[in-house]
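Protein sequence lines, in the order shown, are assigned to chains X and P. Counting the first sequence from 1 gives a position; the numbering used here is that position plus 241. Counting the second sequence from 1 gives a position; the numbering used here is that position plus 2.
Mixed in with the good hints there might be a few duds.
Said to hold, decoys possible - Derived pair list, reagent style DSS-like, types lysine-lysine, alpha-carbon separation capped at 30 Å:
hint, chain 1, residue 1, chain 2, residue 2
1, X, 298, P, 44
2, P, 105, P, 60
3, P, 96, X, 294
To be verified - Computed footprint of chain P on chain X, listed as stretches where at least three residues anywhere in the stretch have a Cβ under 8 Å from a Cβ of chain P:
hint, segment
4, 276-284
5, 319-325
It should be emphasised that the hints constitute simulated quantities derived from the structure, not laboratory data. Built from N, CA and C at the ideal position, the CB exists for glycine as well.
Residue-level listing of the chains:
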Amino acid sequence: DAGITQSPRHKVTETGTPVTLRCHQTENHRYMYWYRQDPGHGLRLIHYSYGVKDTDKGEVSDGYSVSRSKTEDFLLTLESATSSQTSVYFCAARGGLENTGELFFGEGSRLTVL
Amino acid sequence: GENVEQHPSTLSVQEGDSAVIKCTYSDSASNYFPWYKQELGKRPQLIIDIRSNVGEKKDQRIAVTLNKTAKHFSLHITETQPEDSAVYFCAASKGNTPLVFGKGTRLSVIA
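Extracted from the complex, chain X is given alone in its bound form (with noise of 0.2 Å):
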């Protein structure tokens, strides 16, 4: 599994409360993602960080938050969900010690906003 573990894996919330999914690794990779996967849409990358407390936007972070305080962790915040954000989304995270490219995905955490 490549050491990238997600929580909560699964979550159903209400329109306009906050949702933090957490992704932890354990692998020293230094690059790490979050990307959401719908149908008809493959995986969009949403955010991602280059290190500890250096972070970018990517294709699709209107509404969508993250934060690195330390290698291991990496936080996706919806600040105020919406039906919209209903997604699998999927952590990755690459730049370990091998270094080979590879990116290595987390299981996935489903969000449901109703």
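Could you slot chain P onto chain X? The hints should help.
Relative to chain X, chain P alone:
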């Protein structure tokens, strides 16, 4: 930024036949092209990748070809088996920039 187009979106083949999935990319500076397989309810996993200094790479029944001039790359699966049924994603990146993914191809192998 980079844009990756993937075709077809769905593909059905008979067991034992070959399957080909094609992708095009827009940024000529991209130099890393992986393919991911995602089984139902699972995470995407790397099955093969190729870098821009190589034209073709093979791993048992799967192969990837890259045409830098035309900016396209393809995944070839020979002697398909039911366990090859999944969604396949191509992607492209340059250096350490984030991977940009195609929209995926749902491959069904009919026994």
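Checked hints:
Our distance criterion of 30 Å between C-alpha atoms is met by residue 298 of chain X and residue 44 of chain P, whose separation comes to about 26 Å. The straight-line distance between the Cα atoms of residue 105 of chain P and residue 60 of chain P is roughly 23 Å, inside the 30 Å bound, and the hint therefore holds. The suggested pairing of residue 96 of chain P with residue 294 of chain X holds, with an alpha-carbon distance near 23 Å, which does not exceed 30 Å. Here the segment 276-284 of chain X counts 5 residues with a CB under 8 Å from a CB of chain P, which clears the bar of 3, and the coverage holds.
Remark: the segment 319-325 of chain X is not confirmed as covered by chain P, as 0 of its residues place a Cβ nearer than 8 Å to a Cβ of that chain, below the required three.
Violated hint for the displayed structure: number 5, the only one.
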